[in-house]
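Asks: Here's the letter readout for the chains.
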Amino acid sequence: MENLINELKLKIIDSLNLDGMTPEDIDNDAPLFGDDGLGLDSIDVLELIVLMERNYGIRLDSPSKGKEVFRSVAVMAQYIADNRTK
Amino acid sequence: MKEVSIPSGANLTAIYRELVGDYPKFFKMDTLSKLGFLLSEMLVRDDEGRFTPREDRAVIVFSRNGCLANDINYAKSMEDFPSPALFVYTLPNIVAGEISIRNKYEGETSAYVLDKYDRPLIDAIVRQAFQDRITRDAIVAWIDCPSDSEWTATAWIKTK
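Listed in order, the protein sequences are those of chains A and B.
Taking our numbering, I'd label the letters of the first sequence as residues 1 to 86.
Taking our numbering, I'd label the letters of the second sequence as residues 1 to 160.
If you are wondering where the hints come from, they were derived from the structure by calculation, not from laboratory data.
Built from N, CA and C at the ideal position, the CB exists for glycine as well.
Each hint should be verified, as a subset may be incorrect.
What the hints assert, rightly or not - Short, incomplete list of chain B residues facing chain A, as computed with Cβ under 8 Å:
no. : residue
1   : S8
2   : P24
3   : P84
4   : K104
To be verified - Going by beta-carbon spacing under 8 Å, a handful of chain B positions derived as facing chain A:
no. : residue
5   : I6
6   : G9
7   : L12
8   : K28
9   : M78
10  : F81
11  : S83
12  : T154
13  : W156
14  : K158
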């Protein structure tokens with residue numbers, strides 16, 4: 001799981017063009033959205049949905065599902081581990 | 001009048017980590033916004049009562065190339081998947097908004113694209129901002145970044 005979390009952090013940094021950020025800057029359990037965590041917003045959800053589909057073959061059809069899955073990197077990684085098709 | 005600048009090609013992430021460090025939205029910004037954000041931090045970080053909402057401070061940004069560097073990055077992303085994260089910075093006035101959001105400034109914000117750095121013209125435009133009876137001072141910046149690795153970036157606070 002730790003490998004998947006680190007891989008996911010690198011993909012998030014790349015997909016969202018978080019230039020200068022390192023995986024160490026992202027706390028596994030910190031919220032991805034809002035000022036308390038990574039500071040992502042609704043625009044970034046689109047990037048994360050594409051990231052999940054392209055890299056792990058997971059399609060999220062419902063925005064409410066995204067809200068649940070994108071709570072933190074740890075939650076996202078667990079969802080990927082349980083549902084990935086590639 | 002306090003004036004600050006960031007040398008062309010400086011490591012913006014290193015400056016961020018030294019000056020701020022707890023505003024992760026910085027990493028999402030394009031180079032123009034990063035420069036404006038850091039310049040404003042240099043100017044106001046010791047302000048008394050900082051982060052108290054206020055309407056009396058304007059943010060006025062000038063440049064020659066606007067957000068061209070990010071526009072090019074966004075155009076490149078369209079060859080694959082048009083990046084929403086890049087798209088949101090394809091307006092040159094976003095930098096003024098980023099500074100205002102960070103500091104809870106609720107007054108005038110504007111961005112101008114000029115042919116060249118023209119201080120008399122900049123001063124004249126800033127004077128106009130003081131005509132509204134609300135604005136008492138302004139963060140004024142000249143930030144021109146034709147690419148992500150070269151720029152001129154300077155800012156100052158002009159008082160009415």
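Asks: Now tell me, hint by hint, if it's right for this structure.
Replies: Quick rundown of the hints versus the structure:
1. S8: violated (17 Å)
2. P24: holds (4 Å)
3. P84: Cβ of P84/B sits 5 Å from chain A, so the hint holds.
4. K104: Violated, about 12 Å.
5. I6: Because about 14 Å separates I6/B from the closest Cβ in chain A, which is outside the 8 Å limit, the hint is violated.
6. G9: violated (14 Å)
7. L12: holds (7 Å)
8. K28: This interface hint holds because 6 Å falls under the 8 Å limit.
9. M78: Violated, about 14 Å.
10. F81: At about 6 Å, which falls below the 8 Å cut-off, the nearest Cβ of chain A leaves the hint on F81/B intact, so it holds.
11. S83: holds (7 Å)
12. T154: With a closest approach of 22 Å, the T154/B hint is violated.
13. W156: This hint is violated: W156/B lies away from chain A, its Cβ roughly 26 Å from the closest one there, beyond 8 Å.
14. K158: violated (30 Å)
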